[in-house]
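Peer 1: Line order of the protein sequences matches chains A and B.
Position one of the first sequence corresponds to residue 1 (my numbering), numbered consecutively onward.
Position one of the second sequence corresponds to residue 1 (my numbering), numbered consecutively onward.
Worth flagging that the hints you see were computed from the coordinates, not collected in a lab.
Don't take every hint at face value.
Same chains, same label: a pair holds when it works inside one copy or across any pair of copies.
As a list, the in silico SDA-like pairs of lysine to any residue whose alpha-carbon atoms are at most 20 Å apart [to be verified]:
#	residue 1	residue 2
1	K116	L139
2	K20	R287
3	K313	L111
4	K116	R137
5	K116	A136
6	K20	Q59
7	K20	S322
8	K313	W386
9	K116	G140
The structure displayed is predicted, hence computed values, not measured ones.
There are 2 protein chains.
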Amino acid sequence: MLDRDACLALDADDPLRAFKNEFVLPEGVVYLVGNSLGALPRRAAERVRRTVEDEWGRQLVGGWNQAGWYDQPLTAGDRLAPLIGAGPGQVVVGNTTTIAAYQALAAAVRLRPGRKVIVSDPRNFPTDHYIAQGLARLLGDYEVRDYAEGRFDDAAVVLLSEVDYRTGARRHVPSVTAQVQEAGALMVWDVCHSVGAMEVDVSQADFAVGCTYKYLNAGPGAPAFLYVNPRHHATAENVLSGWHGHAEPFAFETGYRPAEGVRRFAVSTPHVVSFAALEAALEVWDRVPMAQVRAKSVALTSLFVDLVGDALKLVSPAEPESRGSQVSFHHPDGYPVMRALIDRGVHGDFRAPDVLRFGFAPLYIGYADVHDAATTLLEVLDKELWRDERYARRLAVT
Amino acid sequence: MLDRDACLALDADDPLRAFKNEFVLPEGVVYLVGNSLGALPRRAAERVRRTVEDEWGRQLVGGWNQAGWYDQPLTAGDRLAPLIGAGPGQVVVGNTTTIAAYQALAAAVRLRPGRKVIVSDPRNFPTDHYIAQGLARLLGDYEVRDYAEGRFDDAAVVLLSEVDYRTGARRHVPSVTAQVQEAGALMVWDVCHSVGAMEVDVSQADFAVGCTYKYLNAGPGAPAFLYVNPRHHATAENVLSGWHGHAEPFAFETGYRPAEGVRRFAVSTPHVVSFAALEAALEVWDRVPMAQVRAKSVALTSLFVDLVGDALKLVSPAEPESRGSQVSFHHPDGYPVMRALIDRGVHGDFRAPDVLRFGFAPLYIGYADVHDAATTLLEVLDKELWRDERYARRLAVT
Numbered sequence: 001m002l003d004r005d006a007c008l009a010l011d012a013d014d015p016l017r018a019f020k021n022e023f024v025l026p027e028g029v030v031y032l033v034g035n036s037l038g039a040l041p042r043r044a045a046e047r048v049r050r051t052v053e054d055e056w057g058r059q060l061v062g063g064w065n066q067a068g069w070y071d072q073p074l075t076a077g078d079r080l081a082p083l084i085g086a087g088p089g090q091v092v093v094g095n096t097t098t099i100a101a102y103q104a105l106a107a108a109v110r111l112r113p114g115r116k117v118i119v120s121d122p123r124n125f126p127t128d129h130y131i132a133q134g135l136a137r138l139l140g141d142y143e144v145r146d147y148a149e150g151r152f153d154d155a156a157v158v159l160l161s162e163v164d165y166r167t168g169a170r171r172h173v174p175s176v177t178a179q180v181q182e183a184g185a186l187m188v189w190d191v192c193h194s195v196g197a198m199e200v201d202v203s204q205a206d207f208a209v210g211c212t213y214k215y216l217n218a219g220p221g222a223p224a225f226l227y228v229n230p231r232h233h234a235t236a237e238n239v240l241s242g243w244h245g246h247a248e249p250f251a252f253e254t255g256y257r258p259a260e261g262v263r264r265f266a267v268s269t270p271h272v273v274s275f276a277a278l279e280a281a282l283e284v285w286d287r288v289p290m291a292q293v294r295a296k297s298v299a300l301t302s303l304f305v306d307l308v309g310d311a312l313k314l315v316s317p318a319e320p321e322s323r324g325s326q327v328s329f330h331h332p333d334g335y336p337v338m339r340a341l342i343d344r345g346v347h348g349d350f351r352a353p354d355v356l357r358f359g360f361a362p363l364y365i366g367y368a369d370v371h372d373a374a375t376t377l378l379e380v381l382d383k384e385l386w387r388d389e390r391y392a393r394r395l396a397v398t
Numbered sequence: 001m002l003d004r005d006a007c008l009a010l011d012a013d014d015p016l017r018a019f020k021n022e023f024v025l026p027e028g029v030v031y032l033v034g035n036s037l038g039a040l041p042r043r044a045a046e047r048v049r050r051t052v053e054d055e056w057g058r059q060l061v062g063g064w065n066q067a068g069w070y071d072q073p074l075t076a077g078d079r080l081a082p083l084i085g086a087g088p089g090q091v092v093v094g095n096t097t098t099i100a101a102y103q104a105l106a107a108a109v110r111l112r113p114g115r116k117v118i119v120s121d122p123r124n125f126p127t128d129h130y131i132a133q134g135l136a137r138l139l140g141d142y143e144v145r146d147y148a149e150g151r152f153d154d155a156a157v158v159l160l161s162e163v164d165y166r167t168g169a170r171r172h173v174p175s176v177t178a179q180v181q182e183a184g185a186l187m188v189w190d191v192c193h194s195v196g197a198m199e200v201d202v203s204q205a206d207f208a209v210g211c212t213y214k215y216l217n218a219g220p221g222a223p224a225f226l227y228v229n230p231r232h233h234a235t236a237e238n239v240l241s242g243w244h245g246h247a248e249p250f251a252f253e254t255g256y257r258p259a260e261g262v263r264r265f266a267v268s269t270p271h272v273v274s275f276a277a278l279e280a281a282l283e284v285w286d287r288v289p290m291a292q293v294r295a296k297s298v299a300l301t302s303l304f305v306d307l308v309g310d311a312l313k314l315v316s317p318a319e320p321e322s323r324g325s326q327v328s329f330h331h332p333d334g335y336p337v338m339r340a341l342i343d344r345g346v347h348g349d350f351r352a353p354d355v356l357r358f359g360f361a362p363l364y365i366g367y368a369d370v371h372d373a374a375t376t377l378l379e380v381l382d383k384e385l386w387r388d389e390r391y392a393r394r395l396a397v398t
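In isolation and in its complexed conformation, chain A is listed as follows (with noise of 0.2 Å):
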């Protein structure tokens, strides 16, 4: 078992240590949220400023075209396609991930006509969950069938995360595309909880979305992102069928005409002010060697689950290459147990009903972090800190 001045010795020789120096991080604070809201990346604070006060202060709606605010959701998807997979031409980034996935999952059954089950995995992010039972109540002939069952000969498409929220398990996303495919079946990922801590590929399915707040530090409510194969480009449909989506939004016609490409399923105007947070975050990540950052979270999330031992119950799986960059414990009062570890600097969070989470983004992630994480989570456990009754208390965002 590493001891601390090991784990520092690793930071030290760490080849992506440069990079935390590039986040704004609270003093005296291990956090362990990243796979929930990423640190502010220091040039995000005057990136944003500019476009406030430069573009939109004195530009005014010249930004349109002057501060390219109108292609944003085309060349920050070119910008982010690398981290999925995905070439130029095939991202657009724009709106929520819940939106995103209505988009791919009502453009796929709009693809496969005489299908009229989408398959979904209750084990997904809820909100995928519940936009795949919103399509379905209004196409009223539509079953949600539980991914379990592994039917997909009737389906039209397929919902699932690379990464599970909760537990951390990855899928083998080349495998169960083919599986897919094979079966007639449309492919959708979502990669919250993937891109921006591993090497991701998409490049296979058919449509792919995930947000940007996470792992790859965008700010809270970032714009997702929507990943369409260009097989598709020239005959899917996007229901959310916007001006911005339209293939000259600018001659004002009465009739919808789908845009060339991936921009038809651009929606209407882009939240300028959060993309600008957006635009400087992908600047970090034009740098980042993502081999590097696999690496170091495989060793990050086996170093945690080291340290915590038999102290807590696994609940991500115990192979590395089978997990994200997050380590998921069952504990029956995992509630209280996570705010007292909060109140003494180590930030996870908690999912209900028992699954403490800690994500550990390597950019700015140490192994003496790890290390002083674990060290206060097992005294948490072994003196009980957590029983006392101000951790009881539910916040309205846990």
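Position chain B against the provided structure of chain A, taking the given hints into account.
Peer 2: Chain B only, in chain A's frame:
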């Protein structure tokens, strides 16, 4: 006809004159595009900085509770509600007008299941008409009918703009709403071009949608809003059934169960950084007497129409009570005319095929501004200054 000194005297007597200091306006420009993108409120820059550096940067994921991010869609909705004649708990903020219109139309067709007609006006802003077409296409057996046909007795829903984006023509909300509802259809108003320019009252409508980046000055791509009449709160369905509209989002249930009240129309993670600018903009509106805004708006548009006189053909209604806060004119070479005008510091915009638009935001546009704008416009026309090839080249966004 008023001369410039008379206009300066009116500015000196203007009860709204102090508001101009709350906005950043570029030197030497008369900005008559506030109906497209409102000017930057000075406080917005600081409010956005605080959200990025103090909230995201220091509170990190804790901002969902501490900074109130989680409730922003409802708190901003309550703050905005008086601007549209609504009460607390009736408005949810987020996403875009197009997406809000989709939610409203989809909810409406679910509330009127036997009626397979969506009525829209081809002169609505195109995205509204397009999204109606997208929904009808997805549903399969629905028709989008032209409002001009005047038949609503078999319609599920009617979608109209209070103020026409091209002409500035204003519809009479109470009588149209009553007519539509008497025919058994539901009424959805788009108030993008009226909110913040006049007293809006959608309280008799079934739904209303609008944006916050025009007269409300909340910044490029600021979140939109959706009003849902309380009589529908228990029964209307949000087809974009994301987790933030769930009764207990943090229970992570597998089945969608809608929240009580208007919260069920929330979708997913709000665009927090964009919300910051909206909150700053609404701090201004808290203090604005809307009757004075409308009175000044009528005076400004009337003055501009008078000063332009016969030099251009008026597109907008001549009667000020029948228009919003914009004035539009025809010109066969409208595009180069507008480019020439902008080149001389008077910013309006162009709407295909031949419309020059001028928007008058009473919080920061004064009578002398109107005089200067008209003088420059008359000079551009009189001397044919627009006949210059550099004004012919089209920009991406017009």
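Peer 1: Each hint: holds or not?
Peer 2: Here's how the hints hold up against the structure:
no.	hint	in the structure
1	K116 to L139	both (9 Å within a copy, 13 Å between copies)
2	K20 to R287	within (13 Å within a copy, 44 Å between copies)
3	K313 to L111	neither (44 Å within a copy, 48 Å between copies)
4	K116 to R137	both (12 Å within a copy, 16 Å between copies)
5	K116 to A136	both (9 Å within a copy, 18 Å between copies)
6	K20 to Q59	between (34 Å within a copy, 18 Å between copies)
7	K20 to S322	neither (26 Å within a copy, 59 Å between copies)
8	K313 to W386	within (17 Å within a copy, 75 Å between copies)
9	K116 to G140	both (10 Å within a copy, 14 Å between copies)
Consistency note: the structure conflicts with the earlier hints numbered 3 and 7.
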